[in-house]
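Trainee: Sequence:
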Amino acid sequence: MSGGGRHRRRIRIAIPAAAATLAAAVAAAVLMSPADAATPPPTPTVKPATTSPTLTELKERVAGALAGDDTAGKTSQSSYSSSTTSDSSTSSSSSSSGSVDAKVINGTDTSITTAPWMAQLWYYDDKGTSDESDDIGFFCGGAVVAPTKILTAAHCVKGYNWNANGAVVTGTAQLPTTDDSGNTDLHGGTVSGVWRQWNHSSYNASTIDNDIAVLTLPNPITAKPIQMTTSGDTASYAAGTQAKVYGWGRTSSTSQDISQTLKSATLPIQSDTTCTGAYGSSFIKGHMVCAGNPATGSDEGTVSACNGDSGGPLVVNNRIVGVVSWGVEDCVAEGAYSVFSKVSTYVGAAYPRIDDTNLSGDHRADLFVRLASTGTGYEKDSKGTSFATRTSLGSFKGTNVVLQTDLNRDGYQDFVERRSSDGAVFWAHYIPASGTVSVDQIFGNWKTRTRIVAPGDVTGDALPDLLSVDSSGILWIYPGKGNGTFSTRVQVGSGWNQYNSLRGHGDFTGDGKADLIARSKSTGDVYLYKGTGKSGSGAFSGRIKVRSSWTGYNAFDAVGDVTGDGKADFLARTSGGTLYLYPGTGKATSEIFATRISVGTGFQQYDIFG
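Per the UniProt record's numbering, the very first residue in the sequence shown carries number 1; after that it's consecutive.
For the record, the hints were derived by calculation from the structure and aren't laboratory data. Check each hint, because a few of them may be wrong.
Calculated cross-link-like contacts (lysine-lysine; reagent style DSSO-like; alpha-carbon spacing at most 27 Å) [said to hold, decoys possible]: (1) Lys447 x Lys521; (2) Lys587 x Lys521; (3) Lys545 x Lys481; (4) Lys383 x Lys447; (5) Lys224 x Lys481; (6) Lys481 x Lys521; (7) Lys545 x Lys521; (8) Lys545 x Lys530; (9) Lys545 x Lys534.
Ranges of calculated distance between the beta carbons of each label pair, as one might list FRET restraints [unchecked claim]: (10) Thr595 x Asp461: 30 to 38 Å; (11) Gly536 x Lys127: 30 to 38 Å; (12) Gly188 x Gly536: 25 to 33 Å; (13) Lys481 x Asp180: 41 to 49 Å; (14) Lys383 x Ser202: 44 to 52 Å; (15) Ser487 x Lys383: 33 to 41 Å; (16) Gly188 x Ser271: 36 to 44 Å.
We put the CB at the ideal spot given by N, CA and C, even for glycine.
Could you build the full structure based on these sequences and the hints that come with them?
Mentor: Following this line, the structure appears as structure tokens:
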């Protein structure tokens, strides 16, 4: 499993400005702005980065995987991962029990400009013994869904330490090659290590159910991402819909050789009835989708995904609707179809892993707090259902808003802060290439904004947005461009000053869309505003009351998935200073949160929560 945390850069960001504090109690939720003289934010401090794999080390992993003859995952069906040599007669204990090969059969050559999001996943574990038969080397495909995120299949990830042994190549349609001297040519591609890994918690290696995973890279790459489809997408799965599969898998059922160049093929989506008729109970309706015309029994007349294509995308209307998962051995048995994980079902589980930046870098959202007496900011790392001892991030005097977010989707958590003196809003973000932090002003004179929220992607374009409520109660969306700048603001609606708390970070309902949680100032009732993935007045569904009379709390926070289970959680503080964690359930009802868990006392000393 992932040991990736040891390679993560721990960033210490602090943006002192003019002195001011925020009142603790209910008024803490209202953003006050004293008229102190504006002070330019100084340069934040950064803790030096730890060592990541070198280019040489990564190329060695690729070379080892190129020579490997193993296949990923222990499965009772024929997963579509692959060995990378022409002789796959030798297998390790990590091979599938079914024989697994790789290809898009009868596909056509495809350029990387056509599919810039395609990724090659190379895994090589040299056990360090003189007997090479215990080494593990295999290949899978994947798709770039954010600058540091690769969507792939769980059978390519589960049980393997990608941080220690993996390499991801992007930006090229060719597979790497090695010469007689052992030099590895990436053919214009870029190779990256893997920082951490996630696979669906309910992945079943026997049935290849819930076969979806995400790899997180340590630094952003330039490959253009492709979006996953939405949870409500049904049109893409209508029988007969033309979909495209991409990969470097085998191009013939009679050869184990994988393709040296990227291939694609068009496959019609089949109905669940057709897929069940072909595979019986092995096809799990709702979790899987199959595509292609029935195979003919030979290469001639068959168009299919095959081994080596595992983890690659099935695309409809430029969105991923499936992830290559499994099929029949050699891929051309008469009447067979290619089977994919149904992405509309899994987008809710995968979304938190794609938008899961946090301060410590471990799949669990951490908490920023500011000490009222000194203005010092602290990081409290999540331990799942509690928080670790606080760590100082430096002085945050002169700010009255601090939000944790990742505006450029580079995998490093940023801070958005508002200066008390003049309402200027700044974006502090780490620059991996230089190891420095840049502090950029993104808005001016937001003194009268009563709420500022960084919930993630509201508009459905896979880029994080900002929200604000102005003095008249109008809620505005500032659509993010993925680089810390924003498109023209869009009005959602009025009446939002009826709430004395408006929080959101991530997906509370499990549908892959960012939501909001609001508390009424008059009654203390708490409402869910379910995100729709749209902009403007339709950005949120009608509110749903999820709690009544939450008057016993005076501060709230939503930082994402604190517990690490893939669902956004909520934090609430009592007037006595006890902080409670409300674990998310993914339900858009009064059962939206599980039973509260006390995560500590003494939180009355903090006046800002991130």
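Trainee: For every hint, state whether the structure bears it out.
Mentor: Outcome of the hint check:
{"no.": "1", "hint": "Lys447 x Lys521", "verdict": "holds, 21 Å"}
{"no.": "2", "hint": "Lys587 x Lys521", "verdict": "holds, 24 Å"}
{"no.": "3", "hint": "Lys545 x Lys481", "verdict": "violated, 32 Å"}
{"no.": "4", "hint": "Lys383 x Lys447", "verdict": "violated, 35 Å"}
{"no.": "5", "hint": "Lys224 x Lys481", "verdict": "holds, 13 Å"}
{"no.": "6", "hint": "Lys481 x Lys521", "verdict": "violated, 33 Å"}
{"no.": "7", "hint": "Lys545 x Lys521", "verdict": "holds, 14 Å"}
{"no.": "8", "hint": "Lys545 x Lys530", "verdict": "holds, 11 Å"}
{"no.": "9", "hint": "Lys545 x Lys534", "verdict": "holds, 22 Å"}
{"no.": "10", "hint": "Thr595 x Asp461: 30 to 38 Å", "verdict": "holds, 36 Å"}
{"no.": "11", "hint": "Gly536 x Lys127: 30 to 38 Å", "verdict": "violated, 56 Å"}
{"no.": "12", "hint": "Gly188 x Gly536: 25 to 33 Å", "verdict": "violated, 41 Å"}
{"no.": "13", "hint": "Lys481 x Asp180: 41 to 49 Å", "verdict": "holds, 47 Å"}
{"no.": "14", "hint": "Lys383 x Ser202: 44 to 52 Å", "verdict": "violated, 23 Å"}
{"no.": "15", "hint": "Ser487 x Lys383: 33 to 41 Å", "verdict": "holds, 38 Å"}
{"no.": "16", "hint": "Gly188 x Ser271: 36 to 44 Å", "verdict": "holds, 41 Å"}
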